[in-house]
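Chemist: Each chain is listed here by its residues.
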Amino acid sequence: MAERGVLLEGLRAYRMIAGMWVRSSMTYRTSFVVTVFGNLTVTGLDFVAILLMFSQVDSLGGWSLPEVAFLYGLSATAFGIADLVLGSMDVLGARMRDGSFDTLLVRPAPVLAQVGADRFALRRLGRITQGAVVLGWALVSVDVDWSAAKVLLVPVMVVSGAAIFSAVFVAGAAFQIYAQDAAEVQNAFTYGGTTLLQYPPSVFGKDLVRGVTFMLPLAFVNWVPAAYVLERPYPIGLPGWAAFASPLVAVACCALAGLAWRTGLRSYRSTGS
Amino acid sequence: MGSARLYAAVAAGGFRRYATYRAATLAGVFTNTVFGVILVYTYLALWDEKPHLGGYDQAQAVTYVWLGQCLYATLAIQGGGAEKDLMERIRTGEIAVDLYRPADLQLWWLAGDVGRALFQMLGRGVIPFLFGAVFFPMALPTEVAAWAAFVVTLLLATIVSFAIRYLAALSVFWLMDGMGVNQVLVVTGIFFSGMVLPLNAFPGVFGEIVRVLPWAAQIQMPADVLMGETDPLRAFAFQAAWAVALLTAGRLVQSAATRRVVVQGG
Numbered sequence: 001m002a003e004r005g006v007l008l009e010g011l012r013a014y015r016m017i018a019g020m021w022v023r024s025s026m027t028y029r030t031s032f033v034v035t036v037f038g039n040l041t042v043t044g045l046d047f048v049a050i051l052l053m054f055s056q057v058d059s060l061g062g063w064s065l066p067e068v069a070f071l072y073g074l075s076a077t078a079f080g081i082a083d084l085v086l087g088s089m090d091v092l093g094a095r096m097r098d099g100s101f102d103t104l105l106v107r108p109a110p111v112l113a114q115v116g117a118d119r120f121a122l123r124r125l126g127r128i129t130q131g132a133v134v135l136g137w138a139l140v141s142v143d144v145d146w147s148a149a150k151v152l153l154v155p156v157m158v159v160s161g162a163a164i165f166s167a168v169f170v171a172g173a174a175f176q177i178y179a180q181d182a183a184e185v186q187n188a189f190t191y192g193g194t195t196l197l198q199y200p201p202s203v204f205g206k207d208l209v210r211g212v213t214f215m216l217p218l219a220f221v222n223w224v225p226a227a228y229v230l231e232r233p234y235p236i237g238l239p240g241w242a243a244f245a246s247p248l249v250a251v252a253c254c255a256l257a258g259l260a261w262r263t264g265l266r267s268y269r270s271t272g273s
Numbered sequence: 274m275g276s277a278r279l280y281a282a283v284a285a286g287g288f289r290r291y292a293t294y295r296a297a298t299l300a301g302v303f304t305n306t307v308f309g310v311i312l313v314y315t316y317l318a319l320w321d322e323k324p325h326l327g328g329y330d331q332a333q334a335v336t337y338v339w340l341g342q343c344l345y346a347t348l349a350i351q352g353g354g355a356e357k358d359l360m361e362r363i364r365t366g367e368i369a370v371d372l373y374r375p376a377d378l379q380l381w382w383l384a385g386d387v388g389r390a391l392f393q394m395l396g397r398g399v400i401p402f403l404f405g406a407v408f409f410p411m412a413l414p415t416e417v418a419a420w421a422a423f424v425v426t427l428l429l430a431t432i433v434s435f436a437i438r439y440l441a442a443l444s445v446f447w448l449m450d451g452m453g454v455n456q457v458l459v460v461t462g463i464f465f466s467g468m469v470l471p472l473n474a475f476p477g478v479f480g481e482i483v484r485v486l487p488w489a490a491q492i493q494m495p496a497d498v499l500m501g502e503t504d505p506l507r508a509f510a511f512q513a514a515w516a517v518a519l520l521t522a523g524r525l526v527q528s529a530a531t532r533r534v535v536v537q538g539g
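One line per chain: the protein sequences are A and B, in this order. Okay, so the first sequence: first residue is 1 according to the working numbering, each after it adds one. Okay, so the second sequence: first residue is 274 according to the working numbering, each after it adds one.
It should be emphasised that the hints constitute simulated quantities derived from the structure, not laboratory data. Among the hints, a few may not be true.
[Stated by the list, open to error] Estimated spans, in silico, between C-beta atoms of each pair:
| hint | chain 1 | residue 1 | chain 2 | residue 2 | range |
| --- | --- | --- | --- | --- | --- |
| 1 | B | Val-399 | A | Arg-262 | 35 to 43 Å |
| 2 | B | Asp-377 | A | Ile-236 | 53 to 61 Å |
| 3 | A | Pro-247 | B | Met-449 | 30 to 38 Å |
| 4 | A | Arg-97 | B | Asp-377 | 32 to 40 Å |
[Unchecked claim] Taking beta-carbon pairs under 7 Å as the criterion, some of the chain A residues facing chain B (in silico):
| hint | residue |
| --- | --- |
| 5 | Gly-5 |
| 6 | Val-36 |
| 7 | Thr-41 |
| 8 | Gly-44 |
| 9 | Leu-52 |
| 10 | Met-53 |
| 11 | Ser-55 |
| 12 | Gln-56 |
| 13 | Val-57 |
| 14 | Gly-61 |
| 15 | Val-185 |
| 16 | Ala-188 |
| 17 | Thr-195 |
| 18 | Leu-196 |
| 19 | Val-203 |
| 20 | Glu-231 |
Every value quoted in this text rests on a predicted model; they were computed, and no experiment measured them. In this text, a Cβ means the ideal position worked out from N, Cα and C, and glycines have one as well.
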């Protein structure tokens with residue numbers, strides 16, 4: 001019961017803070033439109049890189065352009081959602097250093113909700129839009145025998161993927177409480193993770209694929225379930241049911257990240273400045 | 274003589290300022306290494322499909338990736354160097370104070386940015402590059418002359434990179450806000466410097482165009498000189514021509530902009 005209360009309270013606080021930032025960014029409407037467009041262009045560069053590569057070759061690691069676009073669209077959309085919801089977590093380090101994190105601790109709202117909604121940036125819709133457009137194109141151009149299970153798996157992948165990336169953001173924030181000025185380490189796992197998933201697993205070394213399957217289970221964002229949809233061999237010979245494990249993996253990741261966040265918060269000592 | 278000492282001191286200040294953030298530097302080393310590994314694998318897959326793409330063999334493609342990771346922060350490929358502070362000073366009007374100083378505005382900011390670049394290279398660039406050399410096959414020269422020529426291209430690349438960002442920062446005199454310009458810097462820097470793919474692997478006429486733009490002076494030229502793919506003198510001439518052209522443009526825009534400041538009364 002108490003747990004549920006905290007969750008509702010957190011969502012309420014998140015909605016209020018995020019709403020405040022949205023109103024503030026909407027004050028200058030033209031500026032907002034321009035930044036959304038800029039965000040769309042910047043995030044689109046990754047896909048332009050893939051298009052450039054395919055202007056020279058017909059396949060990459062044995063995968064065709066629509067198949068790679070499918071991986072890209074899933075990864076970019078899932079990451080975009082996590083980035084919209086929790087992307088401001090990387091200002092946490094700065095807040096620790098200037099001492100303003102302490103202000104969040106004394107407010108009567110869950111700290112995670114406050115940090116997540118901090119500087120909530122609606123311009124990040126640009127990344128989601130861009131990812132969704134590529135995903136849409138991939139869905140119509142990829143050569144797949146669609147079944148009910150495959151169709152259903154696509155939205156499940158996006159939602160579980162967003163949850164897995166969100167867990168990475170929260171775990172990264174927990175790590176920042178220890179490391180303070182190390183937001184870039186988090187970037188290696190968040191931005192690095194989504195870049196990795198935009199390419200077929202066959203491109204990467206076995207150990208690297210093993211690492212992002214068992215240690216940091218990013219492979220469940222798209223590689224494993226997409227292998228089922230595209231009828232490709234599963235990375236590192238996983239069993240058939242693994243394609244449907246993404247929601248479970250996402251729940252486990254979120255639970256672990258929540259635990260890490262609580263532990264981090266309990267160990268927090270103010271800078272005193 | 275005295276002014277040389279002044280700019281050396283400004284450069285040393287730029288170096289020390291970035292050297293203060295040790296945790297951030299370590300985090301940057303880690304991130305550049307992770308991205309290097311991801312990129313190396315994608316490049317190897319690409320070169321597997323099409324050997325000798327852009328005239329590079331696989332070891333050269335790998336070398337190119339790690340050089341890109343080494344120069345990413347050094348040359349502030351996607352912005353975030355001296356121009357960031359300059360934009361802020363123009364926006365707040367503090368630039369008026371800088372104009373009163375008995376020093377050349379452009380040289381002052383160039384010196385600071387060179388100091389920053391040197392620190393980012395030593396603190397953040399060298400380790401990912403060495404990591405790449407240890408764990409992946411790379412095409413590195415053994416003669417001292419090639420390395421010496423490489424150092425010269427790096428210096429020229431630093432100046433071209435600064436000249437582009439200085440021009441971008443001066444636009445704030447008219448725009449009053451650097452957000453849009455910064456986004457343009459990100460896109461052009463990453464794309465035209467060859468962070469996404471070596472410029473010599475860009476196809477057709479498009480490839481020919483990007484290879485003569487000033488951004489080509491930043492990663493492509495140093496890489497080609499290091500790997501003996503181009504005549505060093507030709508590379509120096511290309512970089513120096515862009516450096517002179519862009520710095521001159523910077524001076525002209527600067528004098529137009531400062532006249533504007535005087536008219537406004539600061």
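Chemist: Each hint needs a verdict: does it hold in this structure or not?
Modeler: Status of the hints after comparison with the structure:
{"no.": "1", "hint": "B/Val-399 to A/Arg-262: 35 to 43 Å", "in the structure": "39 Å, holds"}
{"no.": "2", "hint": "B/Asp-377 to A/Ile-236: 53 to 61 Å", "in the structure": "60 Å, holds"}
{"no.": "3", "hint": "A/Pro-247 to B/Met-449: 30 to 38 Å", "in the structure": "48 Å, violated"}
{"no.": "4", "hint": "A/Arg-97 to B/Asp-377: 32 to 40 Å", "in the structure": "34 Å, holds"}
{"no.": "5", "hint": "Gly-5", "in the structure": "37 Å, violated"}
{"no.": "6", "hint": "Val-36", "in the structure": "11 Å, violated"}
{"no.": "7", "hint": "Thr-41", "in the structure": "6 Å, holds"}
{"no.": "8", "hint": "Gly-44", "in the structure": "9 Å, violated"}
{"no.": "9", "hint": "Leu-52", "in the structure": "5 Å, holds"}
{"no.": "10", "hint": "Met-53", "in the structure": "5 Å, holds"}
{"no.": "11", "hint": "Ser-55", "in the structure": "5 Å, holds"}
{"no.": "12", "hint": "Gln-56", "in the structure": "5 Å, holds"}
{"no.": "13", "hint": "Val-57", "in the structure": "4 Å, holds"}
{"no.": "14", "hint": "Gly-61", "in the structure": "5 Å, holds"}
{"no.": "15", "hint": "Val-185", "in the structure": "4 Å, holds"}
{"no.": "16", "hint": "Ala-188", "in the structure": "4 Å, holds"}
{"no.": "17", "hint": "Thr-195", "in the structure": "6 Å, holds"}
{"no.": "18", "hint": "Leu-196", "in the structure": "5 Å, holds"}
{"no.": "19", "hint": "Val-203", "in the structure": "4 Å, holds"}
{"no.": "20", "hint": "Glu-231", "in the structure": "21 Å, violated"}
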